[in-house]
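Once you've looked at the hints, dock chain C against the given chain W.
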Amino acid sequence: MKFPTHFWRYFAILWITVLGVLGAAIWLDNHRDLFATQPPVSVKALPEKILIDRGQELLLLGNCMACHTERGQAAGAGGRAFETPFGKVYSNNITPDAQHGLGTWNANDFWRALHHGKSKDGRLLTPVFPYQHTTLIAREDSDAMFAALKTWTPAANPKSIAKPSATLDWPYGTPLAIAVWRSLFFTPGVYVSDPQQSKEWNRGAYLAQGLGHCAACHSERNDWGAIAAVNDFSGGRMPLINWYAPSLTSLKETGLAQQTTQDIARLLQSGRTDQASAMGPMAEVVQHSTQHWRNEDLLAVATYLKDLAQKESQRTSSASAGQQNQTGAGPTAKVLSLGAKTYDDHCVQCHQSQGQGVPGAYPALANNRAVLLSDPTNLVQSVLYGGYPVATPLNPRPFGMPPYILTLDDREIAAVLTHLRTQWGHQAPEVTPLQVNRIRALQGP
Amino acid sequence: MLESQNPILSPELRIKDDRPLIPTPKACFWAIFFSMHLKTSFAVHTKLIRGLSWFFTFFFVLLTQPAFSQGVTFKDNMAERTRACTACHGEQGKAGPDGYYPRLAGKPSGYLFNQLKNFQEGRRHYNLMTRLVDPLSDAYLLEMADYFANLKLPYPPAARPSERVSQRILLAGKKLALEGDSTRNVPACSTCHGAQLTGIQPNVPGLLGLPLDYLNAQLGAWQTHQRKAAAPDCMSDIVQGLTSEDLVAVSTWLSTQNVPLNAAPAKQISVPLKAPWRCGSAPELSKAQP
Numbered sequence: 001m002k003f004p005t006h007f008w009r010y011f012a013i014l015w016i017t018v019l020g021v022l023g024a025a026i027w028l029d030n031h032r033d034l035f036a037t038q039p040p041v042s043v044k045a046l047p048e049k050i051l052i053d054r055g056q057e058l059l060l061l062g063n064c065m066a067c068h069t070e071r072g073q074a075a076g077a078g079g080r081a082f083e084t085p086f087g088k089v090y091s092n093n094i095t096p097d098a099q100h101g102l103g104t105w106n107a108n109d110f111w112r113a114l115h116h117g118k119s120k121d122g123r124l125l126t127p128v129f130p131y132q133h134t135t136l137i138a139r140e141d142s143d144a145m146f147a148a149l150k151t152w153t154p155a156a157n158p159k160s161i162a163k164p165s166a167t168l169d170w171p172y173g174t175p176l177a178i179a180v181w182r183s184l185f186f187t188p189g190v191y192v193s194d195p196q197q198s199k200e201w202n203r204g205a206y207l208a209q210g211l212g213h214c215a216a217c218h219s220e221r222n223d224w225g226a227i228a229a230v231n232d233f234s235g236g237r238m239p240l241i242n243w244y245a246p247s248l249t250s251l252k253e254t255g256l257a258q259q260t261t262q263d264i265a266r267l268l269q270s271g272r273t274d275q276a277s278a279m280g281p282m283a284e285v286v287q288h289s290t291q292h293w294r295n296e297d298l299l300a301v302a303t304y305l306k307d308l309a310q311k312e313s314q315r316t317s318s319a320s321a322g323q324q325n326q327t328g329a330g331p332t333a334k335v336l337s338l339g340a341k342t343y344d345d346h347c348v349q350c351h352q353s354q355g356q357g358v359p360g361a362y363p364a365l366a367n368n369r370a371v372l373l374s375d376p377t378n379l380v381q382s383v384l385y386g387g388y389p390v391a392t393p394l395n396p397r398p399f400g401m402p403p404y405i406l407t408l409d410d411r412e413i414a415a416v417l418t419h420l421r422t423q424w425g426h427q428a429p430e431v432t433p434l435q436v437n438r439i440r441a442l443q444g445p
Numbered sequence: 001m002l003e004s005q006n007p008i009l010s011p012e013l014r015i016k017d018d019r020p021l022i023p024t025p026k027a028c029f030w031a032i033f034f035s036m037h038l039k040t041s042f043a044v045h046t047k048l049i050r051g052l053s054w055f056f057t058f059f060f061v062l063l064t065q066p067a068f069s070q071g072v073t074f075k076d077n078m079a080e081r082t083r084a085c086t087a088c089h090g091e092q093g094k095a096g097p098d099g100y101y102p103r104l105a106g107k108p109s110g111y112l113f114n115q116l117k118n119f120q121e122g123r124r125h126y127n128l129m130t131r132l133v134d135p136l137s138d139a140y141l142l143e144m145a146d147y148f149a150n151l152k153l154p155y156p157p158a159a160r161p162s163e164r165v166s167q168r169i170l171l172a173g174k175k176l177a178l179e180g181d182s183t184r185n186v187p188a189c190s191t192c193h194g195a196q197l198t199g200i201q202p203n204v205p206g207l208l209g210l211p212l213d214y215l216n217a218q219l220g221a222w223q224t225h226q227r228k229a230a231a232p233d234c235m236s237d238i239v240q241g242l243t244s245e246d247l248v249a250v251s252t253w254l255s256t257q258n259v260p261l262n263a264a265p266a267k268q269i270s271v272p273l274k275a276p277w278r279c280g281s282a283p284e285l286s287k288a289q290p
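Residue numbers (this note's numbering), protein chains in the order written: chain W, 1 to 445; chain C, 1 to 290.
Just chain C, same shape as in the assembly:
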C-alpha cells in the first residue's frame, strides 16, 4: 500500500522546473547589448542580418537563463550520487588537493569496499567518513566501490624527493619495498602489492601515486593500531616489525616513484603466501588454508 505511492522509486528522476521562462533583467541587458552590437558592426542593413539579429537576441536570452542552464546539470548517475565523496577526494576520485584525501579512481573494488566497511565497523577512524557511510547498505557501498574502481584516469607524475632526503633513506626504502628484510621476517611490499606495486585484484591496493603525507599517516596508524583490517590482520603484523625510520624510508621511496603506464592491478598473486601468512581482508592471497 505504501510502496505504490513512493515517489522515490519512480523512474522519472528528471528535474521538472515549473517556473516560466521569463528573462531576468541582466539577461535582457546582455541580449540587447549583443544584438545591437551585431547590427552596428555589420553596418549592412540587409534583411538577412536584421532577421538574424533578432534570432541572436532570442538565443542570448535563453542562454543566460539560470533555470535553463541549471536544469540540465542534474543527471541521475553515479557521479551525481557520489558528490559527497568527490568533494574531498577530488573530481572522479582522483585525489584531493592536500595530501590526506587519497585517490579512489582505479583502486581495486574489493579494497575500496573493505575500507568503507572498516569505517562503518570501527576498524578505521575518521569522523567524516564514518558519518557518511553509516546509513548506507552493503549493496550501495559495493556499487560505489565498483564505480570508482572502474574509473581509469591517468596519474600525475610522482613528486620529486625533497632535497633534505638522503640517498641512503631512499635506498633503504627501495630495499624494504622490493626485497623486504628476511632477518626480521619482513616480506617485501611487492610480495602482496604486486610486482609493479600497483596492487592485486580484487582486494590489495596499489602503493604508487599516493602522497607522502598520506602514506606516512597510514603506516603510522597501522603501527598505533588506529588503522586495522579484518582479522587476521597481516598488514598490522608486518608494520609492528618495523621501526618508524623504516616506515618513513619506505613511504618516501614509494611516494617518489612514477606509476607505470599500465597502472591496472595485477590479476592474481604470482606466488601464493606461505603459512602462516594470512590476510583477513584478502584471503585469496594465501593458498587454501583453514
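One chain only, chain W, in its complex shape:
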C-alpha cells in the first residue's frame, strides 16, 4: 500500500508535535526549581552555635555520613559504591572541599539538592540519593544541616569519584533517562502535618518519611527501581546485597503493632532487644544513626510506626479472617534428620535445645519472627556469615555468632534452617539448598 506524500508530512508533523510536547513537559517537570520561588531562609536569627548543633543532629538523623563515606576514608568525602540493577553509583563528597565537595555551594544550592534532587550545576541527581524522601525536609532543617556541614574538615579521597553517567549502564545514566524517571516517580513536596494526629506522631512521620528514609529499604522497588511511596513500609528485598527489609506494618514480620513504643525505640537505640536484633544493613543504620538519636525522636518514630502497624493489622485481620495457611508437601524425613543433626552439632550450644537462647546473650529462635519470615534471605546471611550485633552504649560488649560458610554446605544450611522453621510449633516454608547457594555464590567468603 502506498501512502500519498502529504500523509507522511502530516505523520511526521504529528510525531514531532507529540515528542515536542512530551519533551517540554518532562523538561518543565524537572526544572520546577527555576520557576518556583525559593522558600526564605528562616533561621537566620538563630545563633550560629545552636544552628550548627541542630544541623549536626539532623545529619545523624538522616544517616548522611554512612553513604557519603568510603571505608577507611575521610568522613563525608564520598566514594562509597552502590550496586544497583542499573549499574554502579558512587556517593558524592559532601565535605566543604572547594574542588571536590560543597565548598562553593550556598544554602540555596543545598536546599535545591535536597528538595529538587539537582546538583549546583543543574545536573539531575540519580535517585540513589533518596530525594523522594529528602524533598520532605523543611527549609529550616536544610539550612541547619548545611551550616553544620560547613564546619566539617574539607577532605577528598585519593581516587577521584566517577560520575554516574560513566558508571551506570547505558542508557540509565543519561540525563534524558533520569529526567523521564523523575517525571514518572518524583514530585518535590513538603511534609504536611496531619491535624488529626498528635505532635509526636507528626514528628515521627516527618522523620520516618523524610530524613530517616526508612522506605528506601522497607518498601519493595519496582522494575524501574522506584519505591511505592515514602510512607509504604510493607517490606522490600535488596536485590544485590541480598537482604530482606521486613515489613514494618505486618503483624507476622515485625509485629510492631504488638510491641510497646519503648521496645521499638529500644531496638533502634541498642541494636537488640529480647525479641529482635538489627542485622545487616539495619545494624549499620543503628551503628551510624539511630543509636545517637534523642529519646524523643526514637519514641516519635516508634509511635508513628506502631500506629501504622496497628491500623494495618486491623485492616488485614478483618480481610483475611477464615483464611488458612496453605502448606505444601513439607520437607522430607531425610532433610529433617539432617537439620536436627546439624542443629545439635553447631547451634544447640548457644541457642539451646528448645531454641530458647540465652537471655541477654544469644537470641531465642523459638517464636522468633526473623526465623519465620517467608523470605529466608536474612537467615541464610546469618548462618553463612555469622556476625556480632552492633556495639552500642546499651549493648557495649555483644556476643557473636561464628560464620558457617566454610563449615557447612548448602544442603546442611538449608536443612538446619528448615529444622528451625518447623520446630517448636513453627510452620514456615522449607529453605532449599538453591536459595542458600545463590547468596553464597554472589558474595563468597
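To be clear, the hints were calculated from the coordinates, so they are not data collected in a lab.
Some hints could be false.
Reference listing, derived: stretches of chain C covered by chain W, where coverage requires no fewer than 3 residues with Cβ under 8 Å from a Cβ of chain W [claimed, not checked]:
no.	stretch
1	120-131
2	138-151
3	230-237
Okay, the calculated beta carbon distance ranges per label pair [claimed, not checked]:
no.	chain 1	residue 1	chain 2	residue 2	range
4	W	237	C	236	36 to 46 Å
5	C	78	W	39	34 to 44 Å
6	C	236	W	424	51 to 61 Å
7	W	345	C	137	30 to 40 Å
8	W	397	C	171	42 to 52 Å
Treat the numbers as computed from the prediction; the structure is a model and nothing was measured.
Even glycine gets a Cβ: it sits at the ideal position worked out from N, Cα and C.
Same frame as chain W, now just chain C:
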C-alpha cells in the same frame, strides 16, 4: 527513660531455664538399667546397697538431663564473647586446622588491635573478618585484642622443611631474616621483630609458630598491596624491595623454626630505627621523629 528498662545491662546474665526437671524417656531407661545392674551385680541384698541404688537412680536421671547439663555451659566471659573468633582461629585462638587462620594467643595486643582496625578500615581484605568487626566499637575490639594477647599457651613444634626444599633456599631465607641485605637496603626481620623473632611489645608481631601457607599469603599480599598498614607503611616498603623467591625463602625458613621456650614478645626495640625508617602502626620503633 529507656536506659532503666534495658535488659541487656542487667548484671544477671545467667540462664534462667524455666523448664521443669522431667526426665526424658532415654534418661529413664539408662537410669533404671544402671541401677538394676548395681543391684544384681552386688547380689547382696543389704539395706545399704538397696538404698544406695535408689540414690544412683536419681543421680543418673539428673546427669542425663539435657537442660541440666547445658544450663551450666554458658559463662559470661571473654571466651564466650569471642566464640565467633575461635570458630576459625582455634580454641583459645591457638590457630585453625588449615594454614590460613593464624594463631592469636600471645600476640602483642597492639598488633591484634591494629589488624582488627585494618579490616574495619579496608587496609586488609577478608569478607568474613570485615563483616565480623564492622559493628564493633574500638573499646570492645581492644578488649578482645587484650584477651587473646594475654592467653599464654605452649606452641606446637615447627613443621619440618619439605623434602623438596633445598638447603640453599633455607640458608638464603635465614640470611635475609637475621642479617637482611644491605646491598638492596633490606633490613633483617630481627631488626623490628625482635632478636628472637617473637615480636616487640606492643605493636610488632612475632614471626615464628606460623604456618608456611599463611606466611606466603601475607608476604604476597604485602607485595600486591592487598595487605597494608597505617602510613607510613614500612613493611610494604621492605617487601617491595624483595623478589618472590626471596619471600618464599624467608617464609620457608621462618615456618621451620621452633618457637623459643620464652615466647613472650620483647619489651622494646634494642636499637631504635634510624631515619628515614618509620612505621605508622608501630611508631615507638623509631626515635622521636616528627
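Going through the earlier hints one by one, which of them does the structure break, listed in rising order? 3, 5
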